[in-house]
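Number of protein chains: 2
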Amino acid sequence: MSQSKKYSAQSLENFTESIFKTFGFSQDHAKSVAQTLVMSNLRGVDTHGVNRIPLYVNFLKKGVMNPTPNIHVLKESPVVTVLEADRASGPVVMKVAEEMVFEKAKSYGMGLVMIRQTTHTGALGYYTNQLAKRGLISIAMTASKPLMNYFGAKGAGVSTAPISIAAPGVGEDPIVLDMSTGAISYGMLLQHKKNQQPLALGLAQDDFGNLTTDPNKATIPMSLGGPKGSGLSLMIELLVGVTVSNPQIAQYFSNSPNAKRHSQNAWLLGIDTFRFCDPKTFQDDVIATIQGLKSLPVDADIGEILAPGERGNRERDLRLVSGIPLPDLVLQELAEIATQCNVPMPNPMV
Amino acid sequence: MSQSKKYSAQSLENFTESIFKTFGFSQDHAKSVAQTLVMSNLRGVDTHGVNRIPLYVNFLKKGVMNPTPNIHVLKESPVVTVLEADRASGPVVMKVAEEMVFEKAKSYGMGLVMIRQTTHTGALGYYTNQLAKRGLISIAMTASKPLMNYFGAKGAGVSTAPISIAAPGVGEDPIVLDMSTGAISYGMLLQHKKNQQPLALGLAQDDFGNLTTDPNKATIPMSLGGPKGSGLSLMIELLVGVTVSNPQIAQYFSNSPNAKRHSQNAWLLGIDTFRFCDPKTFQDDVIATIQGLKSLPVDADIGEILAPGERGNRERDLRLVSGIPLPDLVLQELAEIATQCNVPMPNPMV
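From first to last, the protein sequence lines are chains Z and V.
If you're matching positions, the first sequence starts at 0 in numbering that gives the first Met the number 0 and goes up one per residue.
If you're matching positions, the second sequence starts at 0 in numbering that gives the first Met the number 0 and goes up one per residue.
Just chain Z, same shape as in the assembly:
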């Protein structure tokens, strides 16, 4: 295990904002990126936290991510909007979409924004959580270029397209599911490689599309439950990508010079929950549902029965006090970028 230091959420947010402002982001846009990334760190989802900054900076340098996007409506019905993101950073355009979904849901009962041509969307649970805190049931999906196996094939055919579903909870925290359609995440493959730890059979293929347990050869995650996970991923691509004429799988298999260029599309849907049911009854039923599940005997190998998002909420409460640990490797990468941007590194907590 490498060394790490701990940082307050506020110090990392300030740092992230400063970095993105040097690339031409407005104060508001930089703040959206910073809040989304740091919330992932707070919740213990470090794969979607500030360690993404080097990737985003790389996107900015290559012109893949646009720091001053012209986000605009392409098509609109009373309750559905197709929003051109113009290669905006995910958190920037998702924040715009959140407000649009909220307005539509309040006016008509439900709203959907289809976001075209964003870049790395970030942790979907952040956005569904935001809407659920405002009383909406929310569903989000996103898909990118193929990197996961498609059932029946040797090799990658679909992305690990995630889906998040959130419902208002009891108290401040909604109930938020945020899952990929993969049997294992890409980040976990890298971690197995780093630790030289063999994989269970069936989790990954090598570059030639053969199943492997060798962490040095495993490059393609398998899908969740074979045809279910890869079928779900394909349907997400049809919904979020093909519908807005920015199809990622079709591009990947084309002869276009941009065939492998990073691009994503996303959906954000919201329903005005309490227009359709009594809030008190809803909350009582949520409590009874979760309590019922927690009343079951616990599987000792797992140790605890949790509601979706509960572990992340607990980690957030801890890290808000004790700080966010960042390993040396991440700090080194951030320090390089800080130097390039002439932004001071955040001070660790003492």
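Hint data in this document are derived by calculation from the structure and do not stem from the laboratory.
Just so you know, not all the hints are guaranteed correct.
If several chains are the same, the list does not tell them apart, and a pair holds so long as it fits within one copy or across any two.
[Said to hold, decoys possible] Dumping the calculated DSS-like pairs for lysine-lysine here, alpha-carbon to alpha-carbon at most 27 Å:
(1) Lys74 / Lys105
(2) Lys293 / Lys144
(3) Lys144 / Lys4
(4) Lys30 / Lys4
(5) Lys293 / Lys216
(6) Lys74 / Lys279
(7) Lys105 / Lys30
(8) Lys293 / Lys259
(9) Lys259 / Lys279
(10) Lys30 / Lys293
(11) Lys279 / Lys293
(12) Lys144 / Lys279
(13) Lys259 / Lys30
(14) Lys60 / Lys20
(15) Lys61 / Lys30
(16) Lys144 / Lys193
(17) Lys216 / Lys192
For clarity, every value in this text was computed on a predicted model and none was experimentally measured.
Chain Z is fixed; fit chain V onto it per the hints.
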């Protein structure tokens, strides 16, 4: 393998209609049930076909299913309707919902019907397919009483809550995913028991919540990918059940005399696809997406790369010609009901 005879789809539809009419179903309602069940048989999904008739008849005799339901609107916004099913048969109320979703989507771009207190919803893919054939992207979900494991628990906590997503395809057939949130279906557990075939470890628990490979002891399906499948199932319950104040998990764990009584809730959502994108571009991109996937090397252990629903379409085309095989055991059960109802059994094909 037991003996079986083959029947034309039309003869099974006529038979099913006649049975349900003797229980007081209107001609239209009986037809909805018949078409939905027989389409499952045609597609090779025999678990959701006419072998469900004995279950439905049992529901009718016990008063769980209402042959003359007062289906009515409980709440409504321009694009969302909460529809009280009054314990209607699933196909009956889903047909009503389909028309409502279609009208809303045509008027506003999108529509959602939340169906409260239906009985066995049937194969969700039937309904999403119907809407997708009419040009709509469609999503359906349903949930019933717990019968599947919840991650971290010993025992059943959630249902195998299915989700179906359909998109317009090329030609007559949409692309339709229809999957449960379980690692194995309940029907498959029964089949392993019948064939005395051991299960792979991790697919099922026994009555005491212990993992088992013994087909005689396996009663509780595990969820797809642990916390992902059971989390998805729980969110579906919150969306379809808690939102309409007919919560199945909460009831199951309550002291109510009806705690274990069969009931379901469902969602049917539709989006007017071609209001938001050019039909020709959409179709071209669907073709390129599927062709790209099919261009990958085939995993010889699986044998073929298929789009969601493709296998069922092929089986349907075959069975429309060669007939639907019904095993002796199913025929015996249907013959008993036929006698009770004074309805002639269908004639097998020769």
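Verification of the hints:
1. Lys74 / Lys105: Answer is both; intra-copy 20 Å and inter-copy 15 Å each pass.
2. Lys293 / Lys144: Between copies, since 16 Å is at most 27 Å while 39 Å is not.
3. Lys144 / Lys4: neither (34 Å within a copy, 47 Å between copies)
4. Lys30 / Lys4: Within one copy, since 23 Å is at most 27 Å while 68 Å is not.
5. Lys293 / Lys216: Between copies only: 24 Å across, 40 Å inside.
6. Lys74 / Lys279: between (37 Å within a copy, 17 Å between copies)
7. Lys105 / Lys30: within (26 Å within a copy, 38 Å between copies)
8. Lys293 / Lys259: Between. Shortest inter-copy distance 18 Å satisfies the 27 Å Cα cut-off; intra-copy 45 Å does not.
9. Lys259 / Lys279: between (50 Å within a copy, 24 Å between copies)
10. Lys30 / Lys293: Neither. Shortest intra-copy (38 Å) and inter-copy (43 Å) distances fail the 27 Å Cα cut-off.
11. Lys279 / Lys293: within (21 Å within a copy, 51 Å between copies)
12. Lys144 / Lys279: Answer is between; shortest inter-copy Cα gap is 22 Å, intra-copy 43 Å.
13. Lys259 / Lys30: neither (29 Å within a copy, 50 Å between copies)
14. Lys60 / Lys20: within (14 Å within a copy, 69 Å between copies)
15. Lys61 / Lys30: Answer is within: at 22 Å inside a copy they meet the 27 Å cutoff, but 60 Å across does not.
16. Lys144 / Lys193: So Lys144 and Lys193 pass the 27 Å test inside one copy only (24 Å; across, 44 Å).
17. Lys216 / Lys192: Within. Shortest intra-copy distance 9 Å satisfies the 27 Å Cα cut-off; inter-copy 39 Å does not.
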